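Number of protein chains: 4
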Amino acid sequence: MARYLGELAHLHRRMVVAGRTHGQQALPISFGLKVAAWLAPFVRHGDRLNQMTSRLLVVQFGGAAGTLAALGDKGLAVMQELAEELKLATPVMPWHAQRDSFAEFAGWLSLVTGSLGKMAQDIILLAQTEVEEVAESAEEGRGGSSTMPQKSNPITSELIVAAARTNASLLSAMHNALIHEHERATHGWQVEWLTLPQMVALTGGALKHALYLAKNLQVDDKKMRENIARADDVILAEAAVFALAKAMPRPKAEELVKKACGIATSERKPLIEVVMNLTAGALPDRAVDWQSLSAPENYLGDTQKIINRVLESANKLGSKRFHV
Amino acid sequence: MARYLGELAHLHRRMVVAGRTHGQQALPISFGLKVAAWLAPFVRHGDRLNQMTSRLLVVQFGGAAGTLAALGDKGLAVMQELAEELKLATPVMPWHAQRDSFAEFAGWLSLVTGSLGKMAQDIILLAQTEVEEVAESAEEGRGGSSTMPQKSNPITSELIVAAARTNASLLSAMHNALIHEHERATHGWQVEWLTLPQMVALTGGALKHALYLAKNLQVDDKKMRENIARADDVILAEAAVFALAKAMPRPKAEELVKKACGIATSERKPLIEVVMNLTAGALPDRAVDWQSLSAPENYLGDTQKIINRVLESANKLGSKRFHV
Amino acid sequence: MARYLGELAHLHRRMVVAGRTHGQQALPISFGLKVAAWLAPFVRHGDRLNQMTSRLLVVQFGGAAGTLAALGDKGLAVMQELAEELKLATPVMPWHAQRDSFAEFAGWLSLVTGSLGKMAQDIILLAQTEVEEVAESAEEGRGGSSTMPQKSNPITSELIVAAARTNASLLSAMHNALIHEHERATHGWQVEWLTLPQMVALTGGALKHALYLAKNLQVDDKKMRENIARADDVILAEAAVFALAKAMPRPKAEELVKKACGIATSERKPLIEVVMNLTAGALPDRAVDWQSLSAPENYLGDTQKIINRVLESANKLGSKRFHV
Amino acid sequence: MARYLGELAHLHRRMVVAGRTHGQQALPISFGLKVAAWLAPFVRHGDRLNQMTSRLLVVQFGGAAGTLAALGDKGLAVMQELAEELKLATPVMPWHAQRDSFAEFAGWLSLVTGSLGKMAQDIILLAQTEVEEVAESAEEGRGGSSTMPQKSNPITSELIVAAARTNASLLSAMHNALIHEHERATHGWQVEWLTLPQMVALTGGALKHALYLAKNLQVDDKKMRENIARADDVILAEAAVFALAKAMPRPKAEELVKKACGIATSERKPLIEVVMNLTAGALPDRAVDWQSLSAPENYLGDTQKIINRVLESANKLGSKRFHV
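Residue numbers (my numbering), protein chains in the order written: chain V, 1 to 324; chain H, 325 to 648; chain A, 649 to 972; chain W, 973 to 1296.
Chain V with its partners taken away, still in its complex shape:
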């Protein structure tokens, strides 16, 4: 999946899309940056998995109460050989009533589905009728409705979000099960049986679905630009403030741009045009490069460098090397 997300981020690295905060257009970003933000956690998830492996892949062999008494004085030696046979490490002590590594692993599963859930939630929002910047795939009839021929529901993303939220709840059962009594618990492992296998299955399912999305996502460049324009380019407000602030006091620039936002929205005119009109005569010639300011792609900051950093860091996931 990381490989496909990496390719997606790379492919759309300059495609301008509205960055949204609180559900509202905030600043322009590129779609590649958005995808990079879906990808970046998986590099950390890879590190986490590597780090927990030495705690997780550890033999449990201790007899009923962890003393290995039935083996006389050969207990630890047998444990050692058993571990080698099974290609597992040996623990400092039998851990039957110490479930922290299981709970840690369950937490990792839920971190993974949580990150996938964030990606899927974004896709659901981007696929809304009024936004329509992405579709889950070009597959005919996918997400169709029996009575509403216009529909193309983001059903795959929905399953992923559902898996993420279910895992988040199951995780609390796994952490309650940390309270194992004495040398072997009364009910704690039954709780684990009821929850951990599900969590593995939900995570596997969510990954499979996310892979489908990463491979098939349909991205609509034109619609992304349109959605910015339809909001009268108010997404350029911060850019406008900083541009004006070179030629006038910042508070005055802010006040002016705020006023311009109101006019742009009510009269449905591009924000920068409104700002230009409002400042006509009040600014020195060429104080502002209006044409440049009008283009959201000129206000992306370090977007390209950031995408590079993410792609480089993802190389260690081993799926594909990006040379950036």
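No lab work stands behind these hints: they were computed from the structure.
In this text the structure is predicted, and so the values were computed from the model without any measurement.
Any given hint could be a false lead.
Selected chain H positions facing chain V (Cβ under 10 Å, derived; list incomplete) [what the hints assert, rightly or not]: (1) 358; (2) 419; (3) 500; (4) 579; (5) 629.
With a straight-line cut-off of 25 Å between C-alpha atoms, the simulated SDA-like cross-links for lysine to any residue are [what the hints assert, rightly or not]: (6) A:900 x W:1043; (7) H:582 x W:1127; (8) W:1241 x W:1284; (9) A:906 x V:3.
Where a beta carbon is used, it is the ideal one built from N, C-alpha and C, also for glycine.
Chain V is already provided as a structure; the job is to place chains H, A and W on it using the hints.
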């Protein structure tokens, strides 16, 4: 706390106590081994904390949508300097909508309280009137009742278990909050505000209480032996089977010991005495060393070596070096 | 709040808005119907509260173990008088270790915040830049951003959703606390202390915020119609299928409308116009009233009657009588 | 199950057992009272189920967005007939995006398993080797261990507690799923699919197991008395205080009994004997009926009346009428 638990494990390393599984006496262990099992997870918690530090202590600086656009082409450089100023690392990208490291940290807090909760639950069970092998402390009036002068309630342990279970539930909120929408979430961080500070406080409180217990726990050696004897030494059943199996087929040994357990319990006689009587005349002389078999401390297997392994591994927590 | 929601539902009972399923425009509804769906659960919540009151407002008085032994044979009589003094009912037995009514009450709190959370989530989605059908209030500067003058973030709704999700997690702690040991628990009530007061506070806060929304919500009729038109009226697809199905076989009607949806979307023409063109010459004259079919307000089914039913049922909440 | 618990409560209504608070012997109760406390919540659960039925057994029929538009003006009439056909009630409005009754039902399931979990947890504690007042059943080999012939693990109770804790966690998923977006959710129902069927299955399983326990529980009268005596009758401390307080100031009585508790425990003498010795000569003749005071069954307060109240209230569950 690790230091005090280590001392406790060391001090009571040969004190025989019933190992209990499913709430029932199973095999003899030493109280030091029990304490070692309380201590061992904290070595892993230490490793986990070290490993997550590089993910956690990372500056967040990205502007509203993570492009650093307001800083022109100096965004990453400023981020770098800010991070140095704050003694934080720099992330591959601004992570405002990637909350995995917070959820991981919350998971760690709940792992810690879960391990403390296991210790506290054991203490509550050991402090029961009918068991009475430990008391939380020798402090006068602690856990007393207004109307029942005989009471000495394990109130400190109760608070720890309560913190553990509450953290387990709060953790599911933190994992639900992984689903941050777009470049800044709509409600996810408010969920974090409502839960993460609590989790830190509950963990701090539980640690403080556990430290009190580790320092003050009263351990009753005599009662531990008595509880085994009062159960007619049936805890030695496995030892008896293995001893007999040297001189007769194992299935026959099992059958005989099972029968002996029934007699021991109903006639209230020590198990090994019953086994000896049942086998009188049927075993070669000196086939079994009855006296040795009667002593639970002779069926502790690798208990001492295991305690050593735990104490050695705990040295890296840095609180105190055990030379074992 | 019910009163304000009722007024809002009544006021906008004929305002056409897109009904959305899976995040996509599905069928036309009225905004009043949407608000009625926010209101309807609160009638049930009122019933639930009334029904649980007799379980909840019950004195707990039993002495340490529930026998009332310290009062000789006057225990139940004293309990009775105490209950009368406190204006509480008497339980069949002291319930110190039976926490079901507390957990039920906690569930009710979370049901309330869940229903408020659904309303708040809808508002967040309706307030998105690309939808903009509602704003939380007309208050100047509300939800503003320090650097982005165009923003008006749905901050009140966000707090409500956060309260709902936090309560959902805390509820699992309350249900774990049902497992009280013996006649008085070891840690269960401490768990309740840590969670129930929070749940009450979160519910109170969410209700206060929801009341603000119910009183101040800004609704943009024009935008609602525009959003339907901008999606080329495909929301009328089902209506078109049923209209055509009177003059041709239903499968054929479906096929034709599906094709028309494709054309409408790609050529950006109103769906019904496309359908009309596609069927030109193939249908008997006046088989379809094209003008009526073009108006979403003609495909609202029993919306008005349903709103009436909800308003009537809400009368019993006692806040205001709607005569419908 | 209520029937068997009722019979059990009735049968053992005068069997004295230690009432335990915080895991410690507090005051004498009867075992029948303990069972009554397991039974009492089920009367409330029955009431709850009856009350929610009218909210739960309600047809959902609304078309895609809840307007019933496809049926012209006959929508509500068809809904009415459908409901009659299915023997369901009609809702005030289609409730596809209002999930409160599902979450309420899930809460009920978890209340039921929580109450069963309390009973099962008590049985696990009572079945401990050091307590041994009950066993799950007389069935041969039940809860046996492969290597430890003495074991009789409370495996059925363990499954019940595990079901209770798992349901408690799943419940938080159901409450998160209350946040259904717009007229049909994006992922909320998938969460319900993943959790509600499990909760039903876990509850059914727990009930089946609890029925087994209610029918088969082995209760050891003798052991119950022995456990009180072995704790030197300190459970009578409150009784002693109240008895002495008739002949001396209460604070003095408390002080004296506290001292007596210490002596009883350290010298292993029955508390009342110690109290008698301590007060020798200091009390008027016959101020205290020492023999009566020595018998825990004389300090049960309103236990019998309370059991009657519970049995009478349980009659409405309809399984069996107790005439008390």
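Now for the hints, and whether the structure bears them out:
no.	hint	result
1	358	holds (8 Å)
2	419	holds (7 Å)
3	500	holds (5 Å)
4	579	violated (18 Å)
5	629	holds (6 Å)
6	A:900 x W:1043	holds (20 Å)
7	H:582 x W:1127	holds (20 Å)
8	W:1241 x W:1284	violated (41 Å)
9	A:906 x V:3	violated (36 Å)
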